[in-house]
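The listed protein sequences derive, respectively, from chains A and B.
Going by this note's numbering, the first sequence opens with residue 1, and the numbers climb by one from there.
Going by this note's numbering, the second sequence opens with residue 282, and the numbers climb by one from there.
Please keep in mind that the hints were generated in silico from the structure rather than gathered at the bench.
Watch out, some of these pointers could steer you wrong.
Cross-link-like lysine to aspartate or glutamate pairs, in silico, EDC-like; alpha carbons within 16 Å at most [claimed, not checked]:
| # | chain 1 | residue 1 | chain 2 | residue 2 |
| --- | --- | --- | --- | --- |
| 1 | A | K208 | B | E313 |
| 2 | A | K208 | B | D368 |
| 3 | B | K322 | B | E298 |
| 4 | B | K322 | B | E392 |
Example chain B residues on the side facing chain A (calculated, C-beta under 7 Å, incomplete) [claimed, not checked]:
| # | residue |
| --- | --- |
| 5 | L287 |
| 6 | G290 |
| 7 | I291 |
| 8 | R308 |
| 9 | K322 |
| 10 | T323 |
| 11 | A326 |
| 12 | Y355 |
| 13 | D390 |
| 14 | V393 |
Restraint-style ranges between C-beta atoms, simulated for each label pair [said to hold, decoys possible]:
| # | chain 1 | residue 1 | chain 2 | residue 2 | range |
| --- | --- | --- | --- | --- | --- |
| 15 | A | D231 | B | T323 | 50 to 58 Å |
| 16 | A | A236 | B | A326 | 14 to 22 Å |
| 17 | A | A60 | B | A326 | 16 to 24 Å |
| 18 | B | G374 | A | E132 | 47 to 55 Å |
| 19 | B | A364 | A | H229 | 35 to 43 Å |
| 20 | B | G374 | A | D204 | 37 to 45 Å |
| 21 | B | Q300 | A | V181 | 39 to 47 Å |
| 22 | B | P349 | A | D204 | 19 to 27 Å |
| 23 | B | Q300 | A | D225 | 40 to 48 Å |
| 24 | B | E342 | A | P228 | 28 to 36 Å |
| 25 | B | E342 | A | A262 | 54 to 62 Å |
| 26 | A | T276 | B | A326 | 44 to 52 Å |
| 27 | B | D368 | A | A236 | 16 to 24 Å |
| 28 | A | R269 | B | V379 | 41 to 49 Å |
By construction, the Cβ of each residue, glycine as well, lies at the ideal position given by its N, Cα and C atoms.
Residues per chain, in single letters:
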Amino acid sequence: MCTVCGCGDGAKPGGLALNHDAAHRPGSAHHHGHDHDRGQGQLHFGTGPAGLSVAGVSQARLIEVETNILAKNDALATGNRRVLRALGAYAVNLVSSPGSGKTTLLVKTIAAMAGVPLAVIEGDQQTENDAERIRATGAPAIQINTGKGCHLDADMVGRAMERLNLTPGGFLFIENVGNLVCPAAFDLGEDAKVAILSVTEGEDKPLKYPDMFTAARLALLNKVDLAPHTDADLDAYEANLRRVNPRIDILRVSARTGEGMAGWVTWLRRQHAAKTLAKAG
Amino acid sequence: MHEMSLAEGIRQMVLAEAQRHGFTAVRRLRLEIGRFAGVEKTALAFCFDVVMRGSPAEGAELEMIDLPGVAMCYDCMREVEIADRLDPCPICGGGRLVPVAGDEMRIKDMEVV
Ligand SMILES: Nc1nc2c(ncn2[C@@H]2O[C@H](COP(=O)(O)OP(=O)(O)O)[C@@H](O)[C@H]2O)c(=O)[nH]1
Ligand SMILES: [Mg+2]
Ligand SMILES: [Zn+2]
Ligand SMILES: [Zn+2]
């Protein structure tokens with residue numbers, strides 16, 4: 001267990017070998033200094049303040065950096081995006097709270113898109129369960145376990161993409177860690193973020209977590225089969241989504257009954273076609 | 282926001298800059314943080330202290346400069362400055378605003394020796 005971030009040690013069997021040392025190598029978005037990599041950091045970059053034994057120190061100077069803190073992640077995301085573009089593949093970054101129905105929706109989506117090449121990257125803090133649910137459909141899936149990490153980053157996704165052997169012209173679905181906060185800030189190289197909001201979560205969710213719904217191109221209002229049994233106000237959900245993001249597309253679906261799934265599949269095909277056209281043009 | 286990841290990003294940049302410019306210690310590091318960046322500044326300051334250990338920025342003073350939040354109002358189609366992400370448009374009172382600036386999280390500069 002990493003004492004700074006609490007992330008777990010070791011590769012997960014069958015999962016992506018995001019073992020602790022690899023995840024912490026310098027250059028990895030997860031990298032940070034603690035006991036097991038400090039030696040490496042010192043090797044390259046000197047001994048740090050404790051080793052500042054030279055007397056008569058040189059004068060202080062100002063270095064203008066003017067760089068985004070997540071520049072490293074953004075550069076890796078750009079690389080992922082380039083790979084996807086070359087493949088003619090369309091990538092969706094699925095984000096939501098835990099339990100909104102991301103995995104269930106993916107399983108149904110795979111069934112509805114039979115014949116279309118697609119692959120799935122699953123992100124969870126622990127377990128291989130979701131990747132197994134996907135593999136049961138016959139689609140290739142890689143599980144990333146983030147340990148205590150609460151989001152996927154472009155480095156993890158890039159390495160998972162290498163393993164997946166993506167088919168040209170298909171779709172890549174990335175199920176992010178269930179969390180409505182930080183996945184908004186981490187570009188993975190996707191073509192669109194799709195936010196899932198289930199109708200039992202409360203109409204004001206978009207107002208409480210505006211960043212995620214601002215970043216999303218589409219919101220899927222899921223579990224509409226439950227709406228009649230609850231006092232969920234679907235129009236209020238939509239109004240709040242449009243309040244934080246006037247440009248957002250919204251579709252009402254039920255991953256349980258299949259209601260609205262055809263509209264979602266059409267949305268995906270249109271986006272993919274638009275990307276293909278843009279590439280050609 | 283994930284302040285630990287941000288601190289890790291800062292550390293990587295400090296190490297890269299140290300290699301490029303050949304300094305051994307950072308005395309002060311200035312960040313620019315937009316109002317809509319969702320950064321919890323106290324949490325980031327805490328993570329900074331922990332994550333910079335063993336790097337040239339260990340013990341460095343961290344300064345955070347606020348950048349304004351700017352949004353496009355989809356009712357009057359003007360760019361306006363707002364303090365909070367969900368504030369109404371100060372010109373027309375409309376509520377449909379899309380951020381155009383204010384999500385920055387940048388390292389501005391560092392004072393090094
Ligand atoms: N009633 C209903 N339940 C759903 C629907 N979609 C998902 N669920 C249930 O919600 C729970 C969480 O779903 P899951 O796909 O694991 O959510 P994830 O954490 O976002 O991947 C499971 O018990 C699903 O069966 C839906 O459309 N309607
Ligand atoms: Mg899941
Ligand atoms: Zn996170
Ligand atoms: Zn206005």
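Inset, instruction - Of all the hints given earlier, name the ones this structure violates by number, lowest first. - result: Going through the list in order, the structure violates hints 1, 3, 4, 9, 10, 11, 15, 16, 20, 21, 23, 24 and 28 and respects the others.
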